[in-house]
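The task is simple: from the sequences and hints, build the whole structure.
Residues in the sequence shown are numbered from 1 upward in steps of one, following the working numbering.
In silico DSS-like pairs for lysine-lysine, Cα to Cα no more than 27 Å straight-line:
| # | residue 1 | residue 2 |
| --- | --- | --- |
| 1 | Lys318 | Lys281 |
| 2 | Lys281 | Lys99 |
| 3 | Lys281 | Lys17 |
| 4 | Lys255 | Lys99 |
| 5 | Lys17 | Lys255 |
Just so you know, the hints here were simulated from the structure itself, not pulled from any lab data.
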Amino acid sequence: MGEVLVLVDHVDGRIRKPALELLTLARRIGEPAAVVLGAGEGAAAVAAKAAEYGAVTVYTADAPEFAEYLIVPKVDALTQIARAADAVAVLVTSSGEGKEIAARVALRLGSGVITDAVDLRAGEGGPVATQSVFAASFQVDSRVSRGVPVITVKPNATGPEAAPAAGAVQAVVVEFSAGARGTKVVSRTARVSSGRPELTEAAIVVSGGRGVGAAEGFGVVEELADALGAAVGASRAAVDAGWYPHTNQVGQTGKQVSPQLYIANGISGAIQHRAGMQTSKTIVAVNKDPEAPIFDLVDFGVVGDLFQVLPQLTTEIKARKG
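Next up, the structure:
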């Protein structure tokens, strides 16, 4: 089997969960090979973790360009490694940065690109990706018909599964293009941690909408999320009202999530919101309106006042965990 390159997203010597999911998916279509860029002193730890999850080879490259400039240095590196390794596919996490990297790499390789895949399998003529399209109203199977398939995959498309492999490390020297230093990072501001999982990576998301009534209404949503170890999301209506930060918005104009469990509270279920969470594995809704469109989508629905339902649910969860 040919090598399937996985661009590894890492922070402070730790691989982020979506990269482990990509390594798991890569085993379905070829021989996983991790690409670790700009990890510095944490490269050894990242490589060891990648090997634990199936990377037969780990390509590493370290240069100040990866931290000091945007996007293009990573594109240069991934493109050169894909050509040298004669890769059969390239997998990237479906984030804003990941999709831009994927598009540029595909263009340089003369290949097709598939974005926002929610599943991946081997097929005749190359890997087949499942996508949710038209605001998540339909699912389609897609396959790149020319060149090396470059595919971005949504977080939580699968559960990461350990499968220890050799993890042979190959250091790579990257020749940066003229455009690599075109956009320089001039400053960074550390994001204040909420103590909760990253929204797009969380296995459980608890969201609130117009039905919470005010910013204070998110208190019961947060309490439930903390009891479940979940991330907190919000509908566009709640964000536009100033009740919750825009960074937590779920929907077509916000973040797209695909957790194992999504709990929508006081959210009517407009198509804009559904487009951002419809690929969740299990969906639960709490809403006073029995005619709310969200109930057409859910696996489980509760018709009731969220300010009565959520505290009871939180209490029960704590009691069972207790």
